[in-house]
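Novice: Residue numbers (numbering that gives the first Met the number 0), protein chains in the order written: chain A, 0 to 87; chain B, 0 to 603.
If you're looking for bench data, these hints aren't it; they were derived computationally from the structure. Ideal Cβ positions, reconstructed from N, Cα and C, are used throughout, including at glycine. Hints may contain errors.
Said to hold, decoys possible - Examples of chain A residues toward chain B, derived with CB under 10 Å: (1) 58; (2) 70; (3) 82.
Now for the letters of each chain:
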Amino acid sequence: MSGRVLLALLVVANVLTAIGVVFARHEHRQLFIALSSLEKARDELNIEFGRLQLEQATWAESNRIDQVARERLGMKFPEAGDIVVVRE
Amino acid sequence: MARVTSKPGKPRNRAQFNLRGRLWLVVGTLGLCSLALVGRAVDLQIVDNAFYREQGNERFLREIAIPTSRGMITDRNGEPLAVSSPVESVWGNPQELLKAPDRLPELAQALDVPVEQLTLKLGQKSDKEFVYLKRRINPDEAQAILAHKIPGVFSQREFRRFYPQGEALAHVLGFTNIDDRGQEGVELAFDEWLRGTPGAKKVIRDRRGRIVENVDLVRAAQPGKDLTLSIDRRIQYLTYRELKRTLLETGASSASAVVLDIHTGEVLAMANLPSFNPNAVDGSLRDAHRNRAVTDVVEPGSTMKPITVAAALTAGVVTPSTLIDTNPGWMPNGRYRTTDTTNHGVLTVTGVITKSSNVGAAKIAQRLQPQEFYDFIRRFGYGSPPHSGFPGESSGVLPSPARWSGTTKQTISYGYGLSTTPLQIAEAYAALANGGHLIAPTFVKGQRNEPSQAIDPKIAHEVMKMMQTVTEPGGTATTAAILGYHVAGKTGTARKASGGSYARRYISIFAGVVPVDNPRFSMVVVVNEPDPSRKGYYGGSVSGPVFHNVMEGALRLMDVPPDDIDTWLAAQAAAEAKQAGKPVAAVHAAAPAADPSAQEDALQ
Chain A
0 MSGRVLLALL
10 VVANVLTAIG
20 VVFARHEHRQ
30 LFIALSSLEK
40 ARDELNIEFG
50 RLQLEQATWA
60 ESNRIDQVAR
70 ERLGMKFPEA
80 GDIVVVRE
Chain B
0 MARVTSKPGK
10 PRNRAQFNLR
20 GRLWLVVGTL
30 GLCSLALVGR
40 AVDLQIVDNA
50 FYREQGNERF
60 LREIAIPTSR
70 GMITDRNGEP
80 LAVSSPVESV
90 WGNPQELLKA
100 PDRLPELAQA
110 LDVPVEQLTL
120 KLGQKSDKEF
130 VYLKRRINPD
140 EAQAILAHKI
150 PGVFSQREFR
160 RFYPQGEALA
170 HVLGFTNIDD
180 RGQEGVELAF
190 DEWLRGTPGA
200 KKVIRDRRGR
210 IVENVDLVRA
220 AQPGKDLTLS
230 IDRRIQYLTY
240 RELKRTLLET
250 GASSASAVVL
260 DIHTGEVLAM
270 ANLPSFNPNA
280 VDGSLRDAHR
290 NRAVTDVVEP
300 GSTMKPITVA
310 AALTAGVVTP
320 STLIDTNPGW
330 MPNGRYRTTD
340 TTNHGVLTVT
350 GVITKSSNVG
360 AAKIAQRLQP
370 QEFYDFIRRF
380 GYGSPPHSGF
390 PGESSGVLPS
400 PARWSGTTKQ
410 TISYGYGLST
420 TPLQIAEAYA
430 ALANGGHLIA
440 PTFVKGQRNE
450 PSQAIDPKIA
460 HEVMKMMQTV
470 TEPGGTATTA
480 AILGYHVAGK
490 TGTARKASGG
500 SYARRYISIF
510 AGVVPVDNPR
520 FSMVVVVNEP
530 DPSRKGYYGG
540 SVSGPVFHNV
550 MEGALRLMDV
560 PPDDIDTWLA
570 AQAAAEAKQA
580 GKPVAAVHAA
590 APAADPSAQE
600 DALQ
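From just these sequences and the hints, can you work out the full model?
Specialist: Right under this line is the structure:
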């Protein structure tokens, strides 16, 4: 009698763990997919950031700044006579 | 009776039926089942093998690489100098593509290549499953090609390196090859650091190669680490611009310049010409790729004299005021002569530096033992690798005294018969300015190599004071003087050695340190083969102005306080006196610059 009860219990436990494994496996997949998509989003943002930095660096390229300052804005280097020395 | 006979017979019959009949039935059924299984197995394994293997492969779990980007290189202020940006590489599966030859012209058009060329390429790789069709293109272009939906055409992400500073920093940064591996310069030296480790993940792909499902992460991708260089982008640009201008003005064939931070040995700027565009390396001349400031050696010429004098001061054979007779402006040097530009007569040791007298330097060296002189030069790093970590750095050449002929010591005293790189000269001058501490140069911000004491701080200071006279009126490099700052420096003009003698081609050098009282920068400018008919070939007239222009900018950019404010004030007073004499309108125009209150402060 007790042997049958034990057997039944084991069968039930077996079925439960089997379902548990399936559930865990499913959850793992779901989480992995979520992780992948978040990582992808992160990478995309990083890449976008890199691209923007590159764009900024290209606009701020020294040679360009130099030309814009001189030609478009008419700026020039202060001559020695334009500088006033202030002594503390 | 029948009942009677049947009664005892029935159990026997049932026993027979139960045992044998059922057993055969079970065995027969099982046998048929296994036969069916074997039959199915034969069907799968042998009859339809090819079909199922293909189907299986297409559904197979694949392990694919996760691409990762290379670390960014920034300057000391965090400005990006080398950035990896994603690009797409379009690839195809030749087996699949060749199945549908009618789509090939369409593909060729999309790729912008002749259809014959594409067919040939695919034909050569017909047994492969992968061939690059177009590498590293703009993601938008790749999308346009994929939009044709030609079977067997795919695209994958790769990273390309962009260098926003272009030519100005090309030599220091170097470049990477198509597989994103460093090939030259810092990209090569720090390849391990910059390069990431691609990750791997298991995915399920469909038969068109698209990822259906991410299954598992095998290894996370490790992105490359960023690198902060010691370079200052602004000083670098200034250096490059001035070198370029000099090259145009003097018709020189090449030029290099190095700016070092004296206290840390950090390379703040390093520029060379001719340069190349690191964003399009393929079209450039191989010769232009060399970082001349580190790899090419020159004879240091007169920039050697401060070291000769320092050696003599250390040995105690002269003092700064010892008189040296340089009459008649030349002296024998084996079969040749050591000559000065003019006869300088009797000079003090300081005067030998001020006037750059070869005869004077030779006479000072006469008082030194060869071994003693050699050991002293070695302490400045000449003749040994500078350990800057830059690939291909040259050690220069300094022959050992055992190989010196009778005149070698005399020749070395004014900078011939040995060779150094511009970087080594900058390092030696930084040591003179830094109380005699020689620090190996570095390209990484915050890294400071262990200094070694090259000479006594007191002697280093004396030599600095002597070099200061070079940029003052009467010296050979007044062009290098900077208003408001004391500049210590030395010109050098070396004739280029060619075929065992010296040709009428020159190298103009200026090495200097600024400001003298609290030194910050050491800079060396080397201009190769300037056209003598334009601005001459002397270090003072060719390289001195480059030093002046770059250092004036660098001092302002780095907020270095002036150490010679009195000359500045005097110059200002002179300018105002001149302005006062001008018509009223001119004075009015200049009024904002000469604010009365500021003026008052200035005159205190």
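Novice: Now look at each hint and say whether the structure bears it out.
Specialist: Hints, one by one, checked against the model:
1. For residue 58 (chain A), the interface hint holds, the least distance from its beta-carbon to any beta-carbon of chain B being 9 Å, beneath 10 Å.
2. With a least beta-carbon distance of about 15 Å to chain B, the hint placing residue 70 (chain A) at the interface is violated under the 10 Å criterion.
3. For residue 82 (chain A), the suggested interface contact is upheld, since its CB lies about 8 Å from the closest CB of chain B, less than 10 Å.
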